[in-house]
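Chains R and U, in that order, give the protein sequences. What the first sequence shows, in UniProt numbering, is residues 1 to 333, in sequence order. What the second sequence shows, in UniProt numbering, is residues 1 to 333, in sequence order.
Calculated from the structure, these hints are not laboratory results. One or more hints might be untrue.
Copies of one chain are not kept apart here, so a pair can be met inside one copy or by any two copies together.
[To be verified] Quick list of in silico lysine-lysine cross-link-like pairs, DSSO-like style, CA-CA up to 27 Å:
1. Lys133 to Lys117
2. Lys42 to Lys117
3. Lys35 to Lys117
Since the structure is predicted, the reported quantities are computational estimates derived from the model, not experimental observations.
Number of protein chains: 2
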Amino acid sequence: MTTRPPTLEEVAQRAGVSTGTVSRVINNARHVSDKSRRAVEKAIAELGYVPNTAARSLATQRRGAVVLAISSDDPALFANLFFAEVITGVNAVIEETDLQLMLVLAASERGRSRFGKILQSRSADGVMLLALKENDPLSTMAEDSGLPTVHGGRSLDRTPQWYVDADNRGGARTAVEHLIAAGRRNIATITGELDTHAGQGRYMGYREAVVLAGLSDQRVAHGDFSEASGAAGMKLLLDDHPDLDAVFAASDAMAIGALDVLRENGKRVPEDVAVVGFNDVVTARNTQPALTTVRQPIEAMGREMTRMLVRLLNGEQPTSLILPTELVLRAST
Amino acid sequence: MTTRPPTLEEVAQRAGVSTGTVSRVINNARHVSDKSRRAVEKAIAELGYVPNTAARSLATQRRGAVVLAISSDDPALFANLFFAEVITGVNAVIEETDLQLMLVLAASERGRSRFGKILQSRSADGVMLLALKENDPLSTMAEDSGLPTVHGGRSLDRTPQWYVDADNRGGARTAVEHLIAAGRRNIATITGELDTHAGQGRYMGYREAVVLAGLSDQRVAHGDFSEASGAAGMKLLLDDHPDLDAVFAASDAMAIGALDVLRENGKRVPEDVAVVGFNDVVTARNTQPALTTVRQPIEAMGREMTRMLVRLLNGEQPTSLILPTELVLRAST
DNA sequence: TACAGTCCTGTAAGCGCTCACAGTTTCCCC
DNA sequence: GGGGAAACTGTGAGCGCTTACAGGACTGTA
Numbered sequence: 001m002t003t004r005p006p007t008l009e010e011v012a013q014r015a016g017v018s019t020g021t022v023s024r025v026i027n028n029a030r031h032v033s034d035k036s037r038r039a040v041e042k043a044i045a046e047l048g049y050v051p052n053t054a055a056r057s058l059a060t061q062r063r064g065a066v067v068l069a070i071s072s073d074d075p076a077l078f079a080n081l082f083f084a085e086v087i088t089g090v091n092a093v094i095e096e097t098d099l100q101l102m103l104v105l106a107a108s109e110r111g112r113s114r115f116g117k118i119l120q121s122r123s124a125d126g127v128m129l130l131a132l133k134e135n136d137p138l139s140t141m142a143e144d145s146g147l148p149t150v151h152g153g154r155s156l157d158r159t160p161q162w163y164v165d166a167d168n169r170g171g172a173r174t175a176v177e178h179l180i181a182a183g184r185r186n187i188a189t190i191t192g193e194l195d196t197h198a199g200q201g202r203y204m205g206y207r208e209a210v211v212l213a214g215l216s217d218q219r220v221a222h223g224d225f226s227e228a229s230g231a232a233g234m235k236l237l238l239d240d241h242p243d244l245d246a247v248f249a250a251s252d253a254m255a256i257g258a259l260d261v262l263r264e265n266g267k268r269v270p271e272d273v274a275v276v277g278f279n280d281v282v283t284a285r286n287t288q289p290a291l292t293t294v295r296q297p298i299e300a301m302g303r304e305m306t307r308m309l310v311r312l313l314n315g316e317q318p319t320s321l322i323l324p325t326e327l328v329l330r331a332s333t
Numbered sequence: 001m002t003t004r005p006p007t008l009e010e011v012a013q014r015a016g017v018s019t020g021t022v023s024r025v026i027n028n029a030r031h032v033s034d035k036s037r038r039a040v041e042k043a044i045a046e047l048g049y050v051p052n053t054a055a056r057s058l059a060t061q062r063r064g065a066v067v068l069a070i071s072s073d074d075p076a077l078f079a080n081l082f083f084a085e086v087i088t089g090v091n092a093v094i095e096e097t098d099l100q101l102m103l104v105l106a107a108s109e110r111g112r113s114r115f116g117k118i119l120q121s122r123s124a125d126g127v128m129l130l131a132l133k134e135n136d137p138l139s140t141m142a143e144d145s146g147l148p149t150v151h152g153g154r155s156l157d158r159t160p161q162w163y164v165d166a167d168n169r170g171g172a173r174t175a176v177e178h179l180i181a182a183g184r185r186n187i188a189t190i191t192g193e194l195d196t197h198a199g200q201g202r203y204m205g206y207r208e209a210v211v212l213a214g215l216s217d218q219r220v221a222h223g224d225f226s227e228a229s230g231a232a233g234m235k236l237l238l239d240d241h242p243d244l245d246a247v248f249a250a251s252d253a254m255a256i257g258a259l260d261v262l263r264e265n266g267k268r269v270p271e272d273v274a275v276v277g278f279n280d281v282v283t284a285r286n287t288q289p290a291l292t293t294v295r296q297p298i299e300a301m302g303r304e305m306t307r308m309l310v311r312l313l314n315g316e317q318p319t320s321l322i323l324p325t326e327l328v329l330r331a332s333t
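Throw the hints in and build the complete structure from the sequences for me.
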């Protein structure tokens with residue numbers, strides 16, 4: 001359809017200089033006279049020249065692209081705001097660079113092997129990895145590839161060299177301290193999966209706050225972050241600890257499940273039982289009553305991960321980051 | 001860090017054949033003897049060879065990548081489920097191919113010019129465009145680039161050659177017919193922005209259903225898809241048409257705004273007024289009462305856009321698609 | 001005037017792959 | 001056994017860019 005785009009050689013010809021000089025102008029290297037530079041810039045503008053990335057990549061051994069890989073067994077996990085927010089943050093920083101962003105959603109075995117291909121074929125200069133579960137194979141793959149890799153979140157078994165994570169523990173602690181400050185004394189928690197760093201951290205935060213205040217840390221039900229597990233956990237808690245006056249759920253989904261069960265059991269929220277969640281997704285605004293929750297700096301995570309990767313690509317040595325969370329007060333406490 | 005990856009030439013040497021033959025094996029072209037093929041495959045496996053995409057791109061003039069561009073003035077628009085679902089659908093099809101997915105969120109002027117660069121530098125073989133507003137500059141840019149382009153949604157001013165859209169009109173009509181079947185007679189609507197194809201289509205659907213049933217189509221308030229405009233529209237409707245017994249809102253957000261206003265005015269939902277929204281986002285499940293809504297096949301849109309683009313890249317001539325919506329019945333009707 | 005040191009510029013050798021072309025071998029049928 | 005067609009293989013010329021390297025043109029100093 002369209003005619004072949006102009007090449008660097010054509011620019012050189014038109015500007016009356018050599019290809020080497022044009023290349024220097026494009027990459028604004030030193031040792032180019034103003035005269036040549038102007039001539040080249042004129043020719044570039046007239047021809048509408050844009051360097052061919054493939055050719056440049058081949059010559060420089062750099063791709064000018066990074067990959068954001070999101071890994072999960074459950075495709076539904078993609079379908080939450082977490083996802084969109086991270087990307088928004090990543091994109092914001094990418095826009096300031098000349099890098100291109102490649103996206104890999106590795107839900108299936110197939111997706112995983114595609115990720116490997118991308119790493120092996122050197123289609124990207126670096127990778128940002130959002131491995132949503134422990135011991136994710138993608139993590140090993142990225143490591144083996146030798147490409148600079150920044151992780152979002154940590155796993156329990158090993159801490160990657162470069163990561164950005166939210167302060168799960170601090171966030172949970174703040175949430176529970178808020179409950180204590182509001183006069184609650186019999187505070188329960190529904191934990192997330194304890195074989196994840198996030199699950200552990202939030203549980204730790206709960207215990208710290210509660211123990212520090214001289215309260216019992218024995219009102220515990222274990223969930224898996226899902227709404228159903230929140231409901232189940234709440235039932236157990238009501239059975240075992242009918243005296244509870246507050247619940248800290250390690251995810252909003254679990255908090256929503258808990259709210260349902262509380263309502264069914266005639267408990268008023270927040271009068272009888274206060275509820276706090278974790279993970280401010282839009283959902284939380286529309287619960288009855290509106291849910292107090294710990295907001296994770298998800299977009300900021302995306303931004304910081306990208307900044308960190310860009311620094312790595314520039315040969316700098318950034319340091320990993322733990323970003324603060326924020327307690328969002330609403331009607332449920 | 002890692003040593004340079006093996007090249008095709010090294011494979012050829014090890015397999016005792018020429019580079020041409022290796023290339024043929026890789027691209028499984030014809031005219032390769034079983035013997036050669038096996039030797040090459042063995043060498044590839046032993047060396048862990050993966051073709052260098054940049055070199056291949058340069059030689060073939062094909063990039064092996066497509067770009068998904070999402071355009072919007074309002075960065076917040078990215079942060080909804082629509083976004084995540086589309087990508088999930090796109091990814092599902094991409095996974096079946098050897099294509100790589102590049103993502104461009106063109107919120108700013110800067111993002112827009114990056115999109116242009118990508119097109120010009122021929123970094124991608126085709127583009128999927130989700131232009132969220134009318135007369136989007138990206139649309140023109142994609143067109144000018146001559147790259148195969150598939151649009152998600154249509155604009156009013158001109159219908160792109162290849163697009164995938166949801167059946168806004170049919171969906172709205174079905175929703176209103178549902179209200180009629182439930183015995184509602186004084187049915188109002190809060191429209192979306194009427195300078196969008198979606199806004200128009202949903203309004204048309206409302207009118208069709210209502211007129212066909214011999215009812216009045218005069219209970220109309222105009223909104224802009226936002227929650228605030230839904231609330232404002234509902235106020236107007238209650239003032240002008242206190243007899244209304246149902247409302248069809250052209251978006252869930254507006255429906256939520258309407259629900260609030262109805263509650264404030266002592267109207268029971270659905271007893272006094274039934275409410276239907278459009279756009280099944282997670283939000284809709286957690287309203288009080290749960291919102292009946294028209295679900296758009298968003299993930300399917302992503303899938304079909306990608307399929308269409310893949311066909312275009314294969315030189316086929318696909319036909320544009322209008323995907324059916326689905327009425328999700330909940331407590332608000 | 002001679003000479004070293006700077007700047008600038010052109011030249012050409014790759015980067016790793018594909019693909020037309022030509023050359024060789026094999027196959028099949030008369 | 002001969003001939004042509006078909007199957008296979010190697011060769012080498014690009015694809016469009018970067019980047020040593022080798023000069024050439026100046027400049028300033030002795």
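Against the structure, the hints come out as follows:
1. Lys133 to Lys117: Within. Shortest intra-copy distance 21 Å satisfies the 27 Å Cα cut-off; inter-copy 36 Å does not.
2. Lys42 to Lys117: between (41 Å within a copy, 18 Å between copies)
3. Lys35 to Lys117: between (45 Å within a copy, 26 Å between copies)
Comparing the model with each numbered hint stated earlier shows that all of them hold.
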